[in-house]
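2 protein chains.
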Amino acid sequence: MSQTSVLRSNDSRELVEDWILNLRKPCIIRDCAVGECLTKWKPDYMASTVGHKPVSVHESSSNRLRFLKKNFTYVVLPFAEFIQKASCFSRAGCGDCAGDDCDRRYYYYRAVADDVRNTPSDFRRDFPSLSPDFTVPSFLQPEKIFSCVLRCSSADLGLWLHYDVLDNVLVQVRGRKRAILFNPEDAEYLYLSGDKSLIHDPENVDLEEFPLFVKARPYVYQLEPGDVLFIPAFWLHYMISEDFSVAVNIFWYNLPRELYDQKDTYGNKELQPYFRAAQGVDRALKQLEGLPIDIQRFYMRMLRSKIDKALGLSRDRSA
Amino acid sequence: MSQTSVLRSNDSRELVEDWILNLRKPCIIRDCAVGECLTKWKPDYMASTVGHKPVSVHESSSNRLRFLKKNFTYVVLPFAEFIQKASCFSRAGCGDCAGDDCDRRYYYYRAVADDVRNTPSDFRRDFPSLSPDFTVPSFLQPEKIFSCVLRCSSADLGLWLHYDVLDNVLVQVRGRKRAILFNPEDAEYLYLSGDKSLIHDPENVDLEEFPLFVKARPYVYQLEPGDVLFIPAFWLHYMISEDFSVAVNIFWYNLPRELYDQKDTYGNKELQPYFRAAQGVDRALKQLEGLPIDIQRFYMRMLRSKIDKALGLSRDRSA
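Protein chains in written order, with UniProt numbering: chain A, 1 to 319; chain B, 1 to 319.
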């Protein structure tokens, strides 16, 4: 496990900005002013304040959700009922039964806009009754914010390893959370398919199936209510809610807007230059298609070593 | 050392063609009818027949010629004088001295056309007095021949590891030769720079400098006068003349002509589709240049895994 870093709100704003803008490493920022949500957002309060607004949530009998080989279903529930189902048991059990014997269902809610295809999520708009309780951390520039996502989860629930293309902070409001992050430099050890990893649970990895995983260096962050975790764009992350958990996470444009996919409402579509680069490589591979297969393979390796060479040069520049 | 294969001229033409067209593996074809050169081309005969035509030859104090870090010079000599210098000593020494004490110079001649920039070599045109002594092996189609190159070498001289983009046969006319070949699938273990390897002598490799070389599987062929070695396009080859050595090697178009670089007179310029593919990859890498270096590197690896994926698929197809 690699070292983690904790800043405090009474550290200078320059220090926080230095981490975000220059160091570009994850860190916990503690004691931020994030509003009354820290004391108010108990399950009963949230249920009664939001009421029966229907929400689409993830439901599973597994406590480690997989996106790539889905082991959950989407169900639509009134928000109050979802909160009741998600909060009715602690990590140890529901009180009515002895933990593992329980026919427990795990729930996870990631808020999306009503018009999810065109509009990024913003809980301040979609949950107006909760909005006054939350304050965006002062080190973020409001005009750069892309989305502001409410997330609620059952206790003991882990969520798939993935990355986003935007910087974000996770404001942990209620419950404890364990965050496992990986540097994008380790991506080649993490068996990615798109923005998600084929590795189901980075705390329990089958090394026969995923032998390269031993080379990946996890950064582990233990979050308490009120903690703010900075997750730089492209850092892979796996999140385990240890208790019933409520969080708000705020994505922002850390690069010029025109670099992002303009239709992306989640923050996980690749940057535009990569789209064009990937098309270029696809076309390059297509050029070789008329050749005998052994010559194609020979030239594919030569193309690959062009990229290896560029990686070597860029490592020297970034070192 | 991997297995080698020897065919004989009284094997059916179909068998030879099957190796060349379908198996695409190197082989020795023995007892081919290649003309009176086998008995006639002794040094004195060649010198007196060709006379004093000036030729540009490689001269070195080393018996292992390097192209990439050149350890030879080009000198222009009358052909008869070159033949005398190249043939005056055997592997053991020149007779006048005790081998290694000798201030020996090694010579190598690779015939080129007078107009080398525009015309491939053809010794049948440029050495008309030798031409009647040589017969092109009957399994080759005359209309596909690209070049027909006379090569003469001192005893004990090794020549750089490289590949050509055309199929070719080496007709060993005089002296013995040792040929060390590598499958193009092993190219990634051979430290190529363009069509040539940085490995100076594959029989004496510094494994600290070239650790991957241990994974490469050499195919070793021991050629006697009269032997014809088929070297498929892209197979890497290193040649050691054990005696004063004369050979003719014939390159031919094994793919449609438009795939080749039309300005190539040596047979070692990459095929046209690769030029276009390489440009495509260069442009793809350029697309990423505006991004921060860590994101560039992340996306370069994604581009590389696109190629890895294509290599995986093509391996399945070729298996």
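Hints may contain errors.
Identical chains share a label here; the pair holds if one copy fits it or two copies do between them.
[Said to hold, decoys possible] The calculated DSSO-like cross-link candidates involving lysine-lysine, where the alpha carbons are at most 30 Å apart (straight line), are: (1) Lys286 - Lys42; (2) Lys286 - Lys25; (3) Lys70 - Lys309; (4) Lys70 - Lys286.
Hints in this document: simulated from the structure, not taken from any laboratory.
Taking the hints in turn, this is what the structure says about them:
1. Lys286 - Lys42: Neither: 57 Å inside a copy, 51 Å across copies.
2. Lys286 - Lys25: between (38 Å within a copy, 26 Å between copies)
3. Lys70 - Lys309: Between copies, since 24 Å is at most 30 Å while 38 Å is not.
4. Lys70 - Lys286: Intra 33 Å, inter 37 Å, cutoff 30 Å: neither.
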